[in-house]
Amino acid sequence: MDNNSIIKADGTQYVVVDIGIEQYGIDIKYVDNIVRMQKITRVPKAQRYYEGVINLRGEIVPVMSLRKKFGFEPDPLGDKTRIIILKPEHESIGVIVDAVREVIVFSEAEIEKIYSDGKDDRAKYISEVGKTQEGLVSLLNVNGIITD
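Numbering-wise (the working numbering), the sequence shown opens with residue 1 and increments by one.
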């Protein structure tokens, strides 16, 4: 199958993930890999949402829990739990999500900027909202997540 048959010319692809009961989209240009949950080595005195590091094919990758970062209650890791390896610049970082749903393409018309009053900490991590037939998908600001 050639890529042109699955990509809209005027759209952006997002990996849609579950975190808690909410759905979030991650721009696919930042996604380097999606791997099953694996043993994470803890790092002393790291921020509460950093779970530690993993060895991914010889590269040491820090891993954070988006569930903890967003202030959700901890949940046991399940069969669908994944680590998404993001590579926004030159360094990789892994983010733990409850499940990966699908890859979806949003056209510009299906995306709206959102504005916040600053009262919700998560608002700085969400830049836009994508509209689907089933509802809304919060589109993550990857750089905001990893630099905070």
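In case anyone wonders, no lab produced these hints; they're calculated from the structure. This one's a predicted model, so the numbers in the text were calculated from it and none came from an experiment. We treat Cβ as the ideally placed atom computed from N, Cα and C, and that holds for glycine. Worth double-checking, as some hints may not be accurate.
Here are the simulated DSSO-like cross-link-like pairs (lysine-lysine), alpha carbons at most 27 Å apart as the crow flies [stated by the list, open to error]:
no., residue 1, residue 2
1, 68, 124
2, 124, 29
3, 39, 87
4, 45, 87
5, 87, 124
6, 68, 29
7, 131, 113
8, 68, 80
9, 113, 124
10, 113, 39
11, 45, 113
12, 131, 80
13, 68, 45
14, 68, 113
15, 39, 80
16, 45, 29
17, 29, 113
18, 39, 131
19, 113, 87
Between beta-carbon pairs, the in silico distance windows are [claimed, not checked]:
no., residue 1, residue 2, range
20, 41, 21, 28 to 34 Å
21, 144, 59, 32 to 38 Å
22, 48, 109, 35 to 41 Å
23, 75, 35, 14 to 20 Å
24, 10, 91, 15 to 21 Å
Going through the hints against the structure:
Taken as a hint, the residue 68 and residue 124 pair is honoured in the structure, with Cα atoms around 15 Å apart against an allowance of 27 Å. The straight-line distance between the Cα atoms of residue 124 and residue 29 is roughly 20 Å, inside the 27 Å bound, and the hint therefore holds. Distance restraint check for residue 39 and residue 87: the Cα-Cα separation of roughly 21 Å lies within the 27 Å cut-off, and the hinted pair is therefore satisfied. Among the hinted pairs, residue 45 with residue 87 is consistent with the structure: their alpha-carbon atoms are about 24 Å apart, no more than 27 Å.
Distance restraint check for residue 87 and residue 124: the Cα-Cα separation of roughly 19 Å lies within the 27 Å cut-off, and the hinted pair is therefore satisfied. Of the pairs offered as hints, the one joining residue 68 and residue 29 holds, with about 24 Å between alpha carbons and a cut-off of 27 Å not exceeded. With a C-alpha separation of about 11 Å, the suggested pair residue 131 and residue 113 falls inside the 27 Å cut-off, and the hint holds. With a C-alpha separation of about 17 Å, the suggested pair residue 68 and residue 80 falls inside the 27 Å cut-off, and the hint holds.
At roughly 12 Å between alpha-carbon atoms, residue 113 and residue 124 fall within 27 Å of each other, so this suggested pair holds. Taking the CA atoms of residue 113 and residue 39, the gap is about 37 Å. The hint is violated against a cut of 27 Å. In summary, the hint linking residue 45 to residue 113 is not supported, as the alpha carbons are separated by about 36 Å, beyond the 27 Å threshold. Distance restraint check for residue 131 and residue 80: the Cα-Cα separation of roughly 24 Å lies within the 27 Å cut-off, and the hinted pair is therefore satisfied.
For the proposed pair residue 68 and residue 45, the alpha carbon gap of about 16 Å is at most 27 Å, so the pair holds. For the hint linking residue 68 to residue 113, the alpha-carbon distance of about 25 Å falls within 27 Å, and the restraint holds. Distance check on the hinted pair: residue 39 and residue 80 sit about 15 Å apart at the alpha-carbon level, within 27 Å; holds. For the suggested pair residue 45 and residue 29, the alpha carbons sit about 31 Å apart, so the restraint of at most 27 Å is broken.
For the hint pairing residue 29 with residue 113, the CA-to-CA distance comes to about 19 Å; that is within 27 Å, so the pair holds. Restraint check for residue 39 and residue 131: not satisfied, since their Cα atoms lie roughly 36 Å apart, outside the 27 Å limit. For a cut-off of 27 Å, the pair hint linking residue 113 to residue 87 stands: about 23 Å separates their Cα positions. Here the CB-CB span from residue 41 to residue 21 is close to 30 Å, well matched to the stated 28 to 34 Å.
At about 24 Å, the CB distance of residue 144 to residue 59 disagrees with the hint of 32 to 38 Å. For residue 48 paired with residue 109, a C-beta distance near 39 Å keeps the hint of 35 to 41 Å intact. Checked against the hint of 14 to 20 Å, the C-beta distance between residue 75 and residue 35 comes to roughly 19 Å, which is consistent with it. About 31 Å separates the C-beta atoms of residue 10 and residue 91, a value inconsistent with the hinted range of 15 to 21 Å.
Hint compliance for this structure: hints 10, 11, 16, 18, 21 and 24 are not met, and every other hint is.
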